[in-house]
Amino acid sequence: MQTIICMKWGTRYGPEFVNRMWAAVQRNTDRPTRLVCLTDDETGIDPMVQCHPIPDINLPPELINTPWRKLVLWRDPIADLSGDVLFLDLDLVITGSLDVMFDFEPGRYCVIENWTQMGQGNGNTSAFRFPVGKYASIFNNLQDNPERVLSTYRIEQLYISKEVEDMVFWPKLWCASFKHTLMPPWPLNFFKAPTLPSETRIVAFTGKPDQDEALRGVWPVKAGWKKLYKHVRPTPWIAEHW
Numbered sequence: 001m002q003t004i005i006c007m008k009w010g011t012r013y014g015p016e017f018v019n020r021m022w023a024a025v026q027r028n029t030d031r032p033t034r035l036v037c038l039t040d041d042e043t044g045i046d047p048m049v050q051c052h053p054i055p056d057i058n059l060p061p062e063l064i065n066t067p068w069r070k071l072v073l074w075r076d077p078i079a080d081l082s083g084d085v086l087f088l089d090l091d092l093v094i095t096g097s098l099d100v101m102f103d104f105e106p107g108r109y110c111v112i113e114n115w116t117q118m119g120q121g122n123g124n125t126s127a128f129r130f131p132v133g134k135y136a137s138i139f140n141n142l143q144d145n146p147e148r149v150l151s152t153y154r155i156e157q158l159y160i161s162k163e164v165e166d167m168v169f170w171p172k173l174w175c176a177s178f179k180h181t182l183m184p185p186w187p188l189n190f191f192k193a194p195t196l197p198s199e200t201r202i203v204a205f206t207g208k209p210d211q212d213e214a215l216r217g218v219w220p221v222k223a224g225w226k227k228l229y230k231h232v233r234p235t236p237w238i239a240e241h242w
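So that you can map any letter, position 66 of the sequence shown is 66 in the working numbering, and since no number is skipped, the others follow by simple counting.
Just so you know, these hints were derived from the structure itself, not from any lab. Predicted model only: the values in this text are computed from it and were never measured. Think of the CB as a built atom: it goes at the ideal place given N, C-alpha and C, for glycine as much as any other residue. Mixed in with the good hints there might be a few duds.
The following label-pair restraints were derived from C-beta to C-beta distances [claimed, not checked]:
id	residue 1	residue 2	range
1	137	191	31 to 37 Å
2	60	117	21 to 27 Å
3	166	82	15 to 21 Å
Generate coordinates for the entire structure from the input sequences, incorporating the hints supplied.
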């Protein structure tokens, strides 16, 4: 049984995001695969998704609803997980087979090479696979001395990247950033919709636009001058995969 896990808290992403992920997981796996969701509210989530409460984590209140909360995944034990588990953020679209992501470099921490820091050895935790329990020190060190960890690292994925000595990046074409790798460069983004490479398995929608916004061709911006370059054409392939 392959295990994929996601996390949902607060109100930004409703249960429909978990349900869409579950449907996409079923379409893109040929082996028995389950979806586990750590959440503070399982209302509306498909009963086939296995929900568990989010474990407590020692973080200051202003960080509890940030990606630092994902570090609960490194505690041991965590829910009923064991072996290699694939974590997926809710702000992504699954576009290809996920089975290969369980075959790649078994027993190691596999993560996206951060698109904005190429060559610097930093992972992006939108999609990563980790061996449960192997790196429990990542969680334990944060619990024991949160001030030291939080003063040293600005974001959680940098902390993980420095703590895991045998980190390995996914093959480059497997995981794409909608904004950083698929968007046509300015000013072509006003005339061409982003295209999807055939090798891509996951497209991450970090920041804005979200999946539904990019599908409609909407890029919400607060500052009026940003409309001069933050623009996306309607992207129909999102509806096919999401």
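Each hint, compared with the structure:
At about 50 Å, the CB distance of residue 137 to residue 191 disagrees with the hint of 31 to 37 Å. Distance hint check for residue 60 and residue 117: the Cβ-Cβ separation is about 26 Å, which falls inside the suggested range of 21 to 27 Å. A C-beta distance of roughly 19 Å is found between residue 166 and residue 82, which places it inside the suggested range of 15 to 21 Å.
The structure fails hint 1 only (numbered hints given earlier).
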